Amino acid sequence: MKSIKNKVAIVGIGLSGFSKDCKKTELRMACEAIKDALDDAGLTPRDIDGMIKQTDDSADEHAITSAMGMPNLTFYGETRWAGAPCGMVMQAATGVAAGACHTAVIYRAVNGGSGLRSTPSMRSSGQLSTADLLHWAFHSPFGLMTEQGAVAMLAERYMYEYDIKKDQFGPITVTCRQNGAKNPNSAYFKKPITMKDYKESKMVTDPLRALDCYEKFDAAAAFIVTTPERAKYLNHPPVMILGAAQGSVPETENMCGYYRDDVTGLPEMAVMGKRLFKMAGVKPKDIKFAQLDDAYTPLVPMQLEALGFCKKGKGVNFCGDGKKIKAGGRLPVNTAGGSLGEGHIHGMNHVIEAVHQIRGTATLQVKNAKIGLVATGAGGPAGGLILGR
Amino acid sequence: MTVNYNKNEMIPAPVVDPDSKAFWDAVQNQELVFQKCGDCGRLRHPPRPVCPKCRSLNIEWEPSSGKGTIYSKTIYRKSPHPGMKAPFTVVLVELDEGLKLISNMVDIKNDDIKIGMQVEVVFDNLTDDLNLPKFRKVD
Chain A
5 MKSIKNKVAI
15 VGIGLSGFSK
25 DCKKTELRMA
35 CEAIKDALDD
45 AGLTPRDIDG
55 MIKQTDDSAD
65 EHAITSAMGM
75 PNLTFYGETR
85 WAGAPCGMVM
95 QAATGVAAGA
105 CHTAVIYRAV
115 NGGSGLRSTP
125 SMRSSGQLST
135 ADLLHWAFHS
145 PFGLMTEQGA
155 VAMLAERYMY
165 EYDIKKDQFG
175 PITVTCRQNG
185 AKNPNSAYFK
195 KPITMKDYKE
205 SKMVTDPLRA
215 LDCYEKFDAA
225 AAFIVTTPER
235 AKYLNHPPVM
245 ILGAAQGSVP
255 ETENMCGYYR
265 DDVTGLPEMA
275 VMGKRLFKMA
285 GVKPKDIKFA
295 QLDDAYTPLV
305 PMQLEALGFC
315 KKGKGVNFCG
325 DGKKIKAGGR
335 LPVNTAGGSL
345 GEGHIHGMNH
355 VIEAVHQIRG
365 TATLQVKNAK
375 IGLVATGAGG
385 PAGGLILGR
Chain B
167 MTVNYNKNEM
177 IPAPVVDPDS
187 KAFWDAVQNQ
197 ELVFQKCGDC
207 GRLRHPPRPV
217 CPKCRSLNIE
227 WEPSSGKGTI
237 YSKTIYRKSP
247 HPGMKAPFTV
257 VLVELDEGLK
267 LISNMVDIKN
277 DDIKIGMQVE
287 VVFDNLTDDL
297 NLPKFRKVD
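Chains as they are written, first to last, in our numbering: chain A, 5 to 393; chain B, 167 to 305.
Hints were generated in silico from the structure; no laboratory data involved. Please read these numbers as outputs of a predicted model, since none were measured by experiment. Check the hints yourself; a few may be wrong.
On the chain B side, residues computed to face chain A include the following (Cβ under 10 Å) [what the hints assert, rightly or not]:
no.: 1; residue: LYS233
no.: 2; residue: TYR237
no.: 3; residue: LYS244
no.: 4; residue: VAL257
no.: 5; residue: ILE274
no.: 6; residue: ASN276
no.: 7; residue: VAL288
In this text, a Cβ means the ideal position worked out from N, Cα and C, and glycines have one as well.
Please build the complete structure, drawing on both the sequences and the hints.
What follows is the structure, encoded as structure tokens:
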């Protein structure tokens, strides 16, 4: 099978800080992140001829081209849900590899903290998409109205099936916060937590505590992808896309794939991972670090299982007390903090940290970080990247 | 009731579309029904226009046994909606015919709801034109 392996490089990244109220429009935030990514790469808006956005974002591609003065955009598109960061990179990369564009920007800008957003669950037509309709028809009448509740339902069954005890998800959030405490861009810089803090954290939706769940922020991020040939003339050594895939299977829903036999298996992550590893030609043991979707702690062990880093039901054991997943461990996870320890921008910062690790510019630099994995969209439509030098 | 409603506020009613209308019409008549493929007989929930097994567009509606077990649950410590008072429990019920349904329990304390508990459907009459299918423990 032909693939995009080694045909596209990530050459620029831009990431805002994490604010509870940045007092900027999402359009302005998107432009700032894109400007940072262009500057990082050594490119200008004229160089951009491709663009992929997240469907829910209010800052649409045409507003960006106007605001930034991009006269050459000839390829654009969008994708949705939490798998989007890796999925957007994949789609942009597909455009570059196919010759539909030469240099593409991927961005997200979300005022999640201040809530100054457009209607995220509505299509532009004003109609509910079918996935949202399932929510409003069969979940919300019973009070299941939040992601915390939806994921708690998966977590409770996961604990039941694999004999996971209370507070065993704690080391995941503690590890992310300890990583983030060393990251000057993190909302939690110099604010590590311990298991004591975790155990004192209030229950939100049993079995999830507040510290099992991400907080909302205003934040934005952007990446630039281009051909390896152009990458040679830019500011940084190229970060090559070795594998990229999305994943959706029957009964994939946003955090609530309840209508299948095994609700804790993340089969969309598994199908994505299978394609991802095959394309890259590597195995989980070859991966030097992983940036995983940590919007909710139970999703981390479920991802480790679905991606083949450990056997089914052994993800919590793998995370253990945090030894294997912290910097210097067998598989350092979310080395800049991720959603729980740096801030939540829907996995965009996970891609950025992977680029830093491959470049060798990470705050918590993993030794010999020549190949790493990013997964976004656990518990829903999935996306993944394997990046390397 | 494990969900105490605030009757002064709107209660979150289901959004019904043509694919799910028969399900909710039956619920208003105090019946729990599921979609059944008109050709191969496969049951499915939530309602969808096509049979994922044989791709048939022919749809029948089959009465449910109404009996099942608690498959999973969560307790909302803070209410996500002004019409519902916290704490309350949301349950995922696995019916004997193998389908799963999100619901609530009645006549039981939040802490007494356990995975594996046997339950049967009841209809919670919330307003003149809104019933919701809920479950109670079977001894």
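* Asked: Any hints this thing doesn't respect? Which numbers, in order?
  -> 1, 5, 7
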